[in-house]
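Could you slot chain B onto chain A? The hints should help.
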Amino acid sequence: MKAKLASYFSNKWLQVILFSLFIIVTSAALYFSQKSVVSFLLLLSSLLILHYMSLKNVTKWITALGLLFILIPFASSGGPAFQSYMEVATMVGIYISMALGLNIVVGMAGLLDLGFVAFFAVGAYSYSIFATKQASNFMPFGNFPLGGESFWGFLIIGGIMAAIAGVLIGVPVLRVKGDYLAIVTLGFGEIIRIIFNNADRPINITNGAMGIASVTPPEIFGITLSFPNQFYFVTLFILMFTIFAVLRLEHSKLGRSWKAVRENEIAAQAMGIPLVKTKLLAFALGASFSGIMGVVFAAKQAFIDPTSFTLMESFTILVMVVLGGMGSVPGVILGAAVITILNLQVLTELTNWLNQLSLSGALSIPDALSPAKMQKFIFGALLVVFALYRPKGLIPAKNKIFDVKKLKDHRPDHLNNDTEKDSVPIDKVQV
Amino acid sequence: MLQEVLQSLPQVLVDGLTLGAVYAVVALGYTMVYGILQLINFAHGEVFMSGAFIGTAFFILIMGMGWAAEIPQFILLIIVLVLTASITGLVGVGLERVAYRPLRNAPRLIPLITAIGISFILQDVVRFIAELFNGNYIVTGPSLFSEQITLKASSISSIFFDARIKTSFLIVLGVAIVLMVALDYFVNKTKWGTAMRAVALDRETASLMSINVNKVISITFFIGSALGGATGVLFAVQYGTIDPYIGFILGLKAFIAAVLGGIGNIRGAMLGGMLLGLMEMFASANLSLLTGGVFGAEYKDVFAFAILILVLIFKPEGLLGKPTAEKV
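Sequences listed follow chains A and B, in order. The first sequence begins at 1 in full-length UniProt numbering and counts up by one. The second sequence begins at 1 in full-length UniProt numbering and counts up by one.
Next comes chain B alone, as it looks inside the complex:
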């Protein structure tokens, strides 16, 4: 049994890292907003989904133009990423303005309910637009970076099987890492990043130090949503087919990743995302093998939620977070 697990390990690692990278970048959006407002932005998964649709629309649009075939695929991807990220970033800012800012002093249950409402509205608007232009809300984008590469893991040691990867895997992983490093630099080294951390620590004191709190919150939403949208594009490139309902469950898992790493902690979200992606892929590949066929790969979502519950019970502050005491 161990041998079979080891044989599939290279493939599991490759798939897990791809999924983990997606989780990690989406988790960043959750964790940044939570750090600053102590609010779960339920609609973040929908922003990610909108990003996937906007990106696919751009791909179809640009590749439909004749001269565009001359552009190298990589430059095309970067153009689409930037365009999509700025649009979804603006969506995020608008969302904060409409649904969260008026409720900043309301009981905590209320913003959560608007967040659920917003996520329904986004799902249905995207479904409507996709269905109007495409006839069907399940959209398949153009295939990009689809060359297969075989990772010769068997040459390292004969107990491994070879892993097969798409070029897009490298793109997804590469772009995700670039985004995460850039964000880390932004938050820790720039002036706006400092302001952001100050607001997260104590909103009122920060406003006394002449920090424009509303602006900082808007910027946080812009960056979080832009990252989410960009990840949506990467998701569409990697997996090809998208529908308006991918965002919800993926958003939940990204949230689980953020909790696993310690919510409010940016490096924690990256770590949590990667770990969750790897664990989930490992579970879906080996669960039925390990339990003798009792539990199959269908239980991989149960697995993710079980991780969440275990983390919340035994280490609610997450892997990298600091415990906080509740004040009256």
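Next up, chain A with everything else stripped away, as it sits in the complex:
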């Protein structure tokens, strides 16, 4: 019976039918209800189901893009909560991109970075300083604030600034390993935050603890982007780019060098991997994704101050990576989405619900225990439980399996000629 059921479910067309039904039901529920967090979350989770379906990769990608670009924005536009859904979805996109950046550093290269939010801050500040009057305090030329079109250029500049910051942090810590690296990067994260917090004297660069307000909103073809649903698409485009880049990087020569360095530094070096270059590239590339999203974040919030870039943020991103599975791209995407939604939607909804319950006198929960305040506890418990019982995360990382025969057939001729007698047979080598 069970086996029969399983064989039914592995049938491609049945899967497609069930999946379409699921999407139709959830999106209809979302479209016609006033505000239904549950159906919104279910609609988002259809992407996870899609990941596990036995379809071709291309089909999956096209379906996912269709869902993200067309169906989700359309289905959530029905009720008055449209902008709040889009706000959450945008934040999810921003965090996924950052978590993917951290995944390069922690998951692939094995360098525990506890100050990752610093790069996000660098990106955010590099846009907001120049998109407000702040820049005129220290720039000898130019007319500030810059216009909204400059946002698109700043996406690249923010990425480059963050990459430079990543290299600057990377150079001194290259001699340090493991645990020390964690502490030093944590220290750097704090240093950058303290500097942003105090850089209003002697020259007012960041406006200190007051933060920078009214950042110019981005502009494209004369349209000013200021609503969450507009930022949703900006974030989505950048996120798609990030995912594409990360997937390509993972299976490139560089990605394999990162994994080698993670497994054993000395052995990797002996195999001819340049340690300094590989590690610095991990820092720089990971940081640049974070920096790009920092620019988007600054433009979306239109106000930034140092409290958005605390240690807690760095740890939140780390929790996402650990929860999803270190080194696994789909895992990290899932982890980031789960944590962000937990933070922004589930915890606040639960708190509201409990408040209503205690108002109506059904049950009384002390204020200290309200779920919105338990964030740290939940993160801590997640970290401990996952490290103890599921260290590979929700979706463990898979190494690409090479077909030995195919590799053998595709070898250049000059190698094939003299390998017959003295080299190790390649199909005996563990891949």
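Keep in mind the hints are simulated off the structure, nothing from the lab. It is possible that part of the hints are untrue.
[As the list claims (entries may be wrong)] In silico DMTMM-like pairs for lysine to aspartate or glutamate, Cα to Cα no more than 20 Å straight-line:
#: 1; chain 1: B; residue 1: K215; chain 2: B; residue 2: E204
#: 2; chain 1: B; residue 1: K322; chain 2: B; residue 2: D202
#: 3; chain 1: A; residue 1: K373; chain 2: B; residue 2: D243
#: 4; chain 1: B; residue 1: K300; chain 2: A; residue 2: D200
#: 5; chain 1: A; residue 1: K373; chain 2: B; residue 2: E131
In this text the structure is predicted, and so the values were computed from the model without any measurement.
Only chain B this time, still in chain A's reference frame:
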């Protein structure tokens, strides 16, 4: 400018020694655990913070009882110190049992992640309990040993100003020194101390010499956490107001102190703690003076991290540590 620096020097020394004593004892916990397991016990700062809260709770509880007013303050302090130290010591042992022992053979990144998780859990549990009983997680303890003493530094030489100290300064310094001397004696002279050093040198060989390695590790965690908790009480007595988030940054600085002195080296941790406390106080008093107002006292945390980075780059083994080569 030099004159102004010199004038404030006695006060800086007094404050720096107090802070340094706190750093030094907390650093001991880091350095002992690192010496034995090569693991940074990230949660140690939270153990220290729990100690501060447990101690304050005991003070409030005992002083709330009528007859307790008859007890001399000093004896009260000792009772609270012993009680708190044993509770936090047990917390430390439990922590090792739950979060570190199952992961002893895992990749080194994993225990570090559980340590961060544990420290979050401890922070939030303490916040929750404090908020439940107190209504607010920032707790102010009863003021003890608050008489002011003026140190007549100006009578030595007229270039100094007088320093003002609380009696609690003497208590903190005295207790911290007693704790450090006792630990030094324990590690170097007793049987368990010898076992501990043996495990730190080579765990497997030690276990072949009929040393119960797990027990030694538990004892190490007990002593380290008990010291941390006791320091928490001293911190609460000295500074009065505590919140659940004091442990993290103080723990980090204590770790920096341990690295400065040479991690794994107990006397190094004491030296490093004292040095870091003095340097930090000196920086926070004089930084804006020395840089002409460009950098203010806000940069004192940057200063501590800068010390860490400099030490790690130029002398990674620390002031008193021995350099080790990495083996394949």
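Hints, verified against the model:
1. Annotation: proposed proximity of K215/B to E204/B holds, straight-line Cα distance about 14 Å (limit 20 Å).
2. A distance of roughly 16 Å separates the Cα atoms of K322/B and D202/B; the hinted pair therefore holds under the 20 Å criterion.
3. Straight-line distance between C-alpha atoms of K373/A and D243/B comes to about 15 Å, which keeps the hinted pair within the 20 Å bound.
4. Of the supplied pair hints, the one linking K300/B and D200/A holds, its CA atoms being roughly 17 Å apart against a limit of 20 Å.
5. The straight-line distance between the Cα atoms of K373/A and E131/B is roughly 11 Å, inside the 20 Å bound, and the hint therefore holds.
Hint compliance for this structure: no hint is broken.
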